[in-house]
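**Student:** Each chain is listed here by its residues.
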Amino acid sequence: MAATAERALGKATSRSGEHLLGIATLVALGVSAVLSLVVTPPDAVQGEVQRIMYVHVPAAWLAYLSFFVVFIASIGYLKTKKTRWDRVAAASAEIGVLFTSLAIVLGMLWGKPVWGTWWTWDPRLTTTAVLLLIYVAYLAIRRITDNPSRRARWAAVVGIVGFIDVPIVHLSVVWWRSLHQGPTVFRLGGPEIEGTMLLALLAGVAAFTITYAYLMTLRLRVGRLEERAAREALSPLVGAER
Amino acid sequence: MTLAHQATLIARKDLLIEVRGRHALGTLLPFAATVLVAFGFAFGPGRDVLERVAPGLLWMAVLFSAVMASRRAYQTESEDGALEGLLLAPIDKAAVFLGKAFAVTVELLALVIAVLLLVIVLFDLSIANPFLVLAAFVLGTIGLAAVGSLFGVVAESARTREAIFPMLVLPLVAPVLIAGVRATDLAAAGRSSEVLSWLGLLAAFDVVFLSVGVLVFGYLLED
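Protein sequence lines correspond, in order, to chains A and B. Per this note's numbering, the first sequence starts with residue 89, numbered consecutively. Per this note's numbering, the second sequence starts with residue 52, numbered consecutively.
Worth flagging that the hints you see were computed from the coordinates, not collected in a lab. These numbers come from a predicted model, not from an experiment. A virtual CB, placed ideally from N, CA and C, is assigned to each residue, including glycine. Certain hints may be false.
Unchecked claim - Estimated spans, in silico, between C-beta atoms of each pair:
(1) Trp209(A) to Gly251(B): 20 to 28 Å
(2) Gly283(A) to Gly91(B): 57 to 65 Å
(3) Ala254(B) to Leu114(A): 47 to 55 Å
(4) Asp234(A) to Asp131(B): 23 to 31 Å
(5) Ser262(B) to Pro201(A): 43 to 51 Å
(6) Phe82(B) to Leu287(A): 56 to 64 Å
(7) Ala161(B) to Val262(A): 31 to 39 Å
(8) Gly136(B) to Thr168(A): 27 to 35 Å
(9) Leu247(B) to Pro129(A): 45 to 53 Å
(10) Asn235(A) to Leu266(B): 17 to 25 Å
(11) Ser262(B) to Arg212(A): 26 to 34 Å
(12) Leu266(B) to Ser189(A): 27 to 35 Å
(13) Thr168(A) to Ala55(B): 25 to 33 Å
Said to hold, decoys possible - In silico negatives: residues of chain A with every beta carbon more than 10 Å from chain B:
(14) Val127
(15) Ala301
(16) Leu306
Said to hold, decoys possible - Below 35 Å or equal to it, Euclidean Cα-Cα: the simulated DSBU-like pairs (lysine-lysine) are:
(17) Lys169(A) to Lys64(B)
(18) Lys64(B) to Lys200(A)
(19) Lys144(B) to Lys167(A)
(20) Lys169(A) to Lys144(B)
(21) Lys144(B) to Lys64(B)
(22) Lys144(B) to Lys200(A)
For reference, chain B alone in the conformation it holds in the complex (with noise of 0.2 Å):
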């Protein structure tokens, strides 16, 4: 078995388990609409604030999600011992870790549309070039599951101290916000020749994390 089929096989278990449990649009869709109106509350009700702030809000409240997907992503590892059988299985460690990622980057691309028709509701936003807010999010949530990926099993031995995973990882993903940020505001004032620098900056943070994910993530599971 290649890689690639190796971790489309471990995607493919969490993607199920996502379906049948619903976390993503059961509690992260709820958790982010909360998160996106105790914004508007915090910025409005003035619609100009409003407008000019979307773009930032909206990565704001993929970010939190993002992070609690990742969480979410080794939770259900930890049940049942299913971590072990996932580590005794004959498999590359890499393709666990692409296999989350897959999975995480999934959830969250339904996350984002849902929350960017909200935003667009919400806040007014109005978007002159949605493949390339569409190509920010793809781009944006690749590097976001990578590094939640990665550090998402140290997140979940270290449940007593919740606030270590998010403090790890913001700091790491911050060029992804710049970057997602800045793409989603360019494409959607409609200045796209700008926008390209941009995702280009968000697609190198992904093949960056992704390449070092393979290459370390072995080293967090050995025990």
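Just chain A, with the same shape it has in the complex (with noise of 0.2 Å):
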């Protein structure tokens, strides 16, 4: 009856949220790309291309995001036993997967002309580089098994050692780097930044961040409806009666 309950509302604030959520996906990306692309004026040194960092960062800031709620819904897993938990650690991973690849595939095309090099072994580069490889696996794991849950725990358990991994592996290259060459410092837009760029910078972080609440909310249904979808065809009567 509560299960019941709990399912229609979810489902109500989901579809009208859902839409509220679009609108302002869109809203705030076309202020994110007006800012950056014409308010803002390039910069000094390194010229137009420097305009990717207003998407590159907030993807990179994305990336770090969702591996973080999927550490926290994968602990909540664990502890509640909820598949609740488990449809967010999902969502969020194949997100998070997505914009870490964007951030990598936007940092190269911004290295090629600024770094004269597509890849180097910069500490953030390699960290984010392995973080995606953990998350591809991650992904990887959830389609090995169809008892869902045995692969919601198995998953979590990945989501939760994966992302404890992440400092280990960042000091690990960082201190690579440094006993190898001297560091490399590279600041984006230069040590000091100017007004309307960090507005820009700003407005381009809160409009990915509300793109991926939206993505989310779209990745939950369509997870909610797997979920509903397997359990009718498993039981056609128990399906109905819901």
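Reconstruct the complex from the two isolated chains, following the hints.
**Tutor:** Set out below in structure tokens:
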């Protein structure tokens, strides 16, 4: 009874909330695009290519935010065994992998003209690449088994262990670099950042965060539908009752 | 029975199986040797290049062997319902993890000794401080065995998708590979004072993954 009410409530809020978030996402991304393409001046040193920063930094922020959510949701699942936590973790991991890849590709597009190379073993780059590999494996683990409880538990353990690993990976890469050659300090946009540039950057971060929330609601709904479809396929009678 | 005692029993059981079945020595050693010879073809025959990359090659061979050894540790459990028996036994699940990790560490260290000799002969690696190199391998293999033993149970259930296990383990143990190779490199060159921070990193990795493993391993098993 309570579960049915809860589900109905969840559905209602998600539907109207989803539309609202969709509109907010569109507006925020539009504002961010105008700010970063029109309002801000081109960078004094790097020129127009520096504008990639306004999407690259938000994408990288989303990558880390998503995986932090996976970490929290994984702990939540193991503590409560509620499938909702597992759906959150799965949705967030997929979005995280998408934005990690995006951050790396955007960084490469920026790195080629500015650094003169697509890739460098910079600590932040390397850590992000390892992060991507870990969460690609996380998604692969989710596909191993058809048993939903087992899948959720395994994924949760990987989600926790993977996130704990990140600071150690980062530390090791920082040391690795510094012992090999002098640390190369790259500060995006120079040590100090101009007012409108900072505004555009923050707008980008806000817009991407809203996009994340919107994508999460979409993916969570798909997750719920998937679960219902699986349940109905398994037992048509139980499915009809609900 | 304390956790340590239970873990020792599991480790003893695994090592006994190993002594009687000779998997590590019978399969992993030839495998590691083959990998090293293949590396020799890839980077040889010039001695200077081989000598320079030897610590990295050594760790790559150990890393691959660790993946195989951890998978093997759970393969033996899948036969004759041994895993179910282990789960029904009145012991802490964390003890299974610790015991497996300990057994895999011992197997890997036996392998490391042999592989180290092979690298010294094949790639002309001269080692200024052998004790620090051994310390790096002891700390490194504990970390590899901890990650491998934690997720080996997943690998065993995913036999049709064999790539997933190394896909998960290799990025997770990136710090072990980096710190292990650096420590071996520096110890071999006799720059002992710089080795210690890398050994510290390896030790920290071991502590983190052994503790996390103790906390979460049970969740991988309960069905």
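**Student:** The structure should be examined with respect to each hint, and the outcome stated for every one.
**Tutor:** Hint by hint, here is what the structure shows:
no.	hint	result
1	Trp209(A) to Gly251(B): 20 to 28 Å	22 Å, holds
2	Gly283(A) to Gly91(B): 57 to 65 Å	59 Å, holds
3	Ala254(B) to Leu114(A): 47 to 55 Å	51 Å, holds
4	Asp234(A) to Asp131(B): 23 to 31 Å	24 Å, holds
5	Ser262(B) to Pro201(A): 43 to 51 Å	45 Å, holds
6	Phe82(B) to Leu287(A): 56 to 64 Å	58 Å, holds
7	Ala161(B) to Val262(A): 31 to 39 Å	33 Å, holds
8	Gly136(B) to Thr168(A): 27 to 35 Å	30 Å, holds
9	Leu247(B) to Pro129(A): 45 to 53 Å	50 Å, holds
10	Asn235(A) to Leu266(B): 17 to 25 Å	22 Å, holds
11	Ser262(B) to Arg212(A): 26 to 34 Å	27 Å, holds
12	Leu266(B) to Ser189(A): 27 to 35 Å	31 Å, holds
13	Thr168(A) to Ala55(B): 25 to 33 Å	31 Å, holds
14	Val127	40 Å, holds
15	Ala301	28 Å, holds
16	Leu306	27 Å, holds
17	Lys169(A) to Lys64(B)	33 Å, holds
18	Lys64(B) to Lys200(A)	55 Å, violated
19	Lys144(B) to Lys167(A)	17 Å, holds
20	Lys169(A) to Lys144(B)	19 Å, holds
21	Lys144(B) to Lys64(B)	15 Å, holds
22	Lys144(B) to Lys200(A)	50 Å, violated
Against the hints set out earlier in the document, violations occur for numbers 18 and 22.
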